[in-house]
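Asks: The lines below spell out each chain.
Protein chains: 2
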Amino acid sequence: MLNVVMISTGEEVLYGDITDTNAAWLSAQFFEQGFAMTRRVTVGDDYEALAKEIEMCSLSADIVIVNGGLGPTSDDLTAASAAMAANVGLEQSDAWIAEMKAKYQQLGRVMPAANLKQAMLPEGAELIDNPVGTACGFIMQLNRAWLFFTPGVPSEFKVMVKEQILPRLQAMFNVTDSKVCHRLYTYGLSESSISDLFQVLTLPDGYCLGYRSSLPFIEIKLFAPQDDIRSTALLSQMTELLGDNIVGEGESLLDSIANLLPKDATLALSEQSSGGFAINWLQDVSSLSARLAQSEVMTDRVDEHACVEELSTLIALRAQRLHLHSSATYTLTTGPSLIDGGFMLGLTTPDGCWCQQLMFKRQYRNYDRRWIISTVLFDMLRRYLQGKEVFGCYESLDRVVSERL
Amino acid sequence: MLNVVMISTGEEVLYGDITDTNAAWLSAQFFEQGFAMTRRVTVGDDYEALAKEIEMCSLSADIVIVNGGLGPTSDDLTAASAAMAANVGLEQSDAWIAEMKAKYQQLGRVMPAANLKQAMLPEGAELIDNPVGTACGFIMQLNRAWLFFTPGVPSEFKVMVKEQILPRLQAMFNVTDSKVCHRLYTYGLSESSISDLFQVLTLPDGYCLGYRSSLPFIEIKLFAPQDDIRSTALLSQMTELLGDNIVGEGESLLDSIANLLPKDATLALSEQSSGGFAINWLQDVSSLSARLAQSEVMTDRVDEHACVEELSTLIALRAQRLHLHSSATYTLTTGPSLIDGGFMLGLTTPDGCWCQQLMFKRQYRNYDRRWIISTVLFDMLRRYLQGKEVFGCYESLDRVVSERL
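Protein sequence lines correspond, in order, to chains S and Z.
Read in order, the letters of the first sequence correspond to residues 1 to 405 in the UniProt record's numbering.
Read in order, the letters of the second sequence correspond to residues 1 to 405 in the UniProt record's numbering.
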């Protein structure tokens with residue numbers, strides 16, 4: 001069993017200014033590839049503390065990934081700490097200086113002097129290219145461990161891990177228990193309800209389940225041995241149990257909608273309580289944004305005097321008006337927030353119009369509310385396109401009204 | 001200087017199924033209170049590894065917060081590991097059993113036998129009440145350190161830290177070196193350019209600088225000793241150096257716009273290349289969304305034949321049309337993307353209309369493009385409201401056209 005350690009650096013992580021998403025991402029990637037983490041450590045921008053940490057880890061670990069502290073500023077000390085841990089000096093990488101100068105030239109700029117620092121690597125270290133930034137990574141061997149030093153900027157970190165570090169590790173270590181990860185994206189069930197449902201599952205040896213709850217979805221991961229026939233049966237059993245709460249198999253809600261949409265079908269959106277979240281979200285899937293016929297975002301002011309029935313009529317009317325105006329195949333509408341923490345949704349299709357009013361069962365901040373409203377809105381379309389019941393069951397929401405016109 | 005360590009436990013954290021938000025939250029809380037983290041460690045549900053980690057940390061740390069592994073299930077091993085580390089046995093806390101039974105009785109249920117495990121604490125440990133759950137915390141003294149054991153459920157963890165652990169720490173340790181953090185939010189300068197600018201700064205003892213680059217902004221943090229008069233001079237020197245690239249002092253771009261907006265001023269938005277990002281972003285600041293008079297999101301299709309001049313006229317016309325229709329005080333407009341990776345922006349005010357076309361100097365994914373476009377759009381308004389030059393300098397963007405009408 002390999003001993004794999006990650007060292008995250010930086011006061012911004014250690015003092016809680018940012019959540020260490022790189023750590024979670026790397027841990028998940030490594031787990032899938034058979035390099036499950038043994039331990040993770042976070043230290044600040046402290047030259048000696050980091051050097052000590054690197055040395056300590058190098059004594060017991062086979063693989064150490066050090067993340068962050070490769071920037072040009074005074075609080076980026078990782079290269080110096082690595083040199084101290086290995087008891088060597090720093091030497092300038094002319095290759096990387098040339099690389100950085102070229103990058104700046106492309107931007108029509110001269111490289112700031114501060115960047116020279118990013119080319120100072122521990123003596124004997126091997127450079128790792130950073131195709132998207134000025135912070136190169138590097139590799140050192142110290143005591144028992146192979147040390148990989150990586151930049152903190154998530155986009156740069158991920159490219160480096162995927163394109164250079166993982167392939168290298170696979171070549172260096174003969175990993176037997178690398179797994180395939182099958183993903184099911186669900187919406188509407190809580191994690192505990194799902195694990196209750198899954199009581200009946202029996203996982204064969206070498207199989208394991210993982211849940212990743214990223215509001216508002218819960219991603220279910222089945223880790224299975226490479227090309228094992230039993231996974232098919234297991235997956236269909238899981239799919240059976242989750243029913244129409246599955247918004248996507250191996251793909252997100254919006255991606256599955258994009259794949260379900262008939263050719264030439266168009267979309268129109270009218271948002272109020274979702275405040276533009278839906279339209280902005282939709283832009284992330286180009287094949288959906290290309291279908292957009294019309295979009296508006298109204299100010300979400302509630303008429304204090306409007307009663308629930310009036311509001312239902314309102315959303316129905318608005319959905320149909322938009323349908324006429326935009327002549328889009330499908331129109332999606334979010335009505336105003338209800339005073340006591342609810343919202344309205346409308347879906348118009350060639351087969352008719354569905355409207356519902358839902359209430360939040362607990363408090364959410366505004367951003368999360370808009371996210372949930374948009375999710376249920378798109379889920380109505382997903383359900384319609386799959387021929388499922390358009391009004392789904394959502395544990396965190398109460399349905400007040402639902403009408404089909 | 002206190003040595004403060006957090007140990008997070010659990011495979012779901014170590015394998016990346018969940019991001020360790022407890023760690024970021026605790027770190028921020030502790031930093032504010034003068035208990036800045038020295039180090040954080042994450043280990044899995046491994047009885048011996050956790051015991052070893054606890055013992056190691058207890059040798060060098062003054063305060064150790066252990067989080068997670070206090071549940072009723074077989075993979076919750078923290079109490080046993082703590083006992084092993086301290087070389088003591090486990091003893092049952094009758095007080096906590098009574099407490100748990102009472103909690104279940106309130107729910108009209110009988111306590112499952114599995115919960116008995118949660119009352120087994122290391123000999124000599126002091127119980128910490130958990131008002132919202134069945135996992136009690138506990139305190140032990142081992143070697144140099146005070147060890148605090150806390151439940152992993154975020155809501156339970158946070159209540160315990162706030163109501164019981166922090167007050168206790170403040171009573172136990174006379175914290176002198178608690179720091180204030182002054183924040184400057186900038187846009188338009190790269191981190192390396194900023195550090196070049198700051199070469200001339202001399203930081204007095206006890207001061208330190210931190211940078212946090214969260215696209216598209218760079219947050220600059222000045223950590224200063226409590227009520228130290230020198231920080232005022234230092235801050236104004238930094239403000240001087242950064243000039244109009246500061247989008248907010250101690251507050252974000254949108255918050256400063258909200259504070260700069262004249263009473264009764266209203267906003268109208270027409271988006272194309274920003275695809276609804278701006279309107280959705282604006283919803284996060286209620287005092288801004290309340291000012292919204294009108295908003296539309298057009299599909300971002302480019303007329304291949306339109307030349308740059310035509311497009312400039314287009315955005316100017318659209319900005320002014322919107323200004324008339326909405327009769328809003330300020331209208332913000334993003335025009336279509338140019339074929340070769342650029343975008344147009346328009347700002348209309350009572351003093352006239354500003355339009356500009358900008359080009360990206362490098363590739364961004366669609367989401368980041370929309371974010372940057374929206375940022376520059378709002379930055380135009382911020383600059384106008386501050387009486388600064390509306391057309392700012394942005395390192396990552398080239399200006400193609402700029403007109404004032």
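Read the hints as simulated data drawn from the structure, not as lab findings.
Please note that the accuracy of each hint is not assured.
Chain copies aren't distinguished; within one or between two, either way the pair holds.
Once the Cα atoms are required to be at most 20 Å apart in a straight line, the calculated EDC-like pairs of lysine to aspartate or glutamate come out as [stated by the list, open to error]:
#1 Lys-158 - Asp-129
#2 Lys-52 - Asp-62
#3 Lys-162 - Asp-228
#4 Lys-117 - Asp-196
#5 Lys-179 - Asp-255
#6 Lys-103 - Glu-296
#7 Lys-162 - Asp-284
#8 Lys-117 - Glu-403
#9 Lys-52 - Glu-389
#10 Lys-179 - Asp-75
#11 Lys-361 - Asp-398
Asks: State for each hint whether it applies.
Replies: Hints and how they fare:
1. Proximity of Lys-158 and Asp-129 under a CA criterion of 20 Å is satisfied intra-copy only: 13 Å inside one chain copy versus 41 Å between copies.
2. For a Cα distance limit of 20 Å, the shortest separation of Lys-52 from Asp-62 qualifies both inside one copy, at 17 Å, and across copies, at 18 Å.
3. In this assembly of identical chains, Lys-162 and Asp-228 lie within 20 Å of each other by CA distance neither inside one copy nor across copies; the values are 25 Å within and 46 Å between.
4. Proximity of Lys-117 and Asp-196 under a CA criterion of 20 Å is satisfied inter-copy only: 12 Å between copies versus 54 Å inside one chain copy.
5. For the homomeric pair Lys-179 and Asp-255, neither the shortest alpha-carbon distance inside one copy (24 Å) nor that between copies (46 Å) is at most 20 Å.
6. For a Cα distance limit of 20 Å, the shortest separation of Lys-103 from Glu-296 qualifies neither inside one copy, at 41 Å, nor across copies, at 38 Å.
7. In this assembly of identical chains, Lys-162 and Asp-284 lie within 20 Å of each other by CA distance neither inside one copy nor across copies; the values are 22 Å within and 34 Å between.
8. Taking identical chains as interchangeable, the C-alpha atoms of Lys-117 and Glu-403 are never at most 20 Å apart, the minima being 65 Å within one chain and 40 Å between chains.
9. When the C-alpha separation of Lys-52 and Glu-389 is checked against a cutoff of 20 Å, the pair qualifies neither within a copy, at 59 Å, nor between copies, at 49 Å.
10. In the homo-oligomer, the alpha carbons of Lys-179 and Asp-75 lie at most 20 Å apart only across protomers (17 Å), although the nearest pairing inside one protomer, at 38 Å, exceeds that limit.
11. In this assembly of identical chains, Lys-361 and Asp-398 lie within 20 Å of each other by CA distance solely inside one copy; the values are 7 Å within and 48 Å between copies.
Hint check: violations occur at hints 3, 5, 6, 7, 8 and 9; the rest are consistent with the structure.
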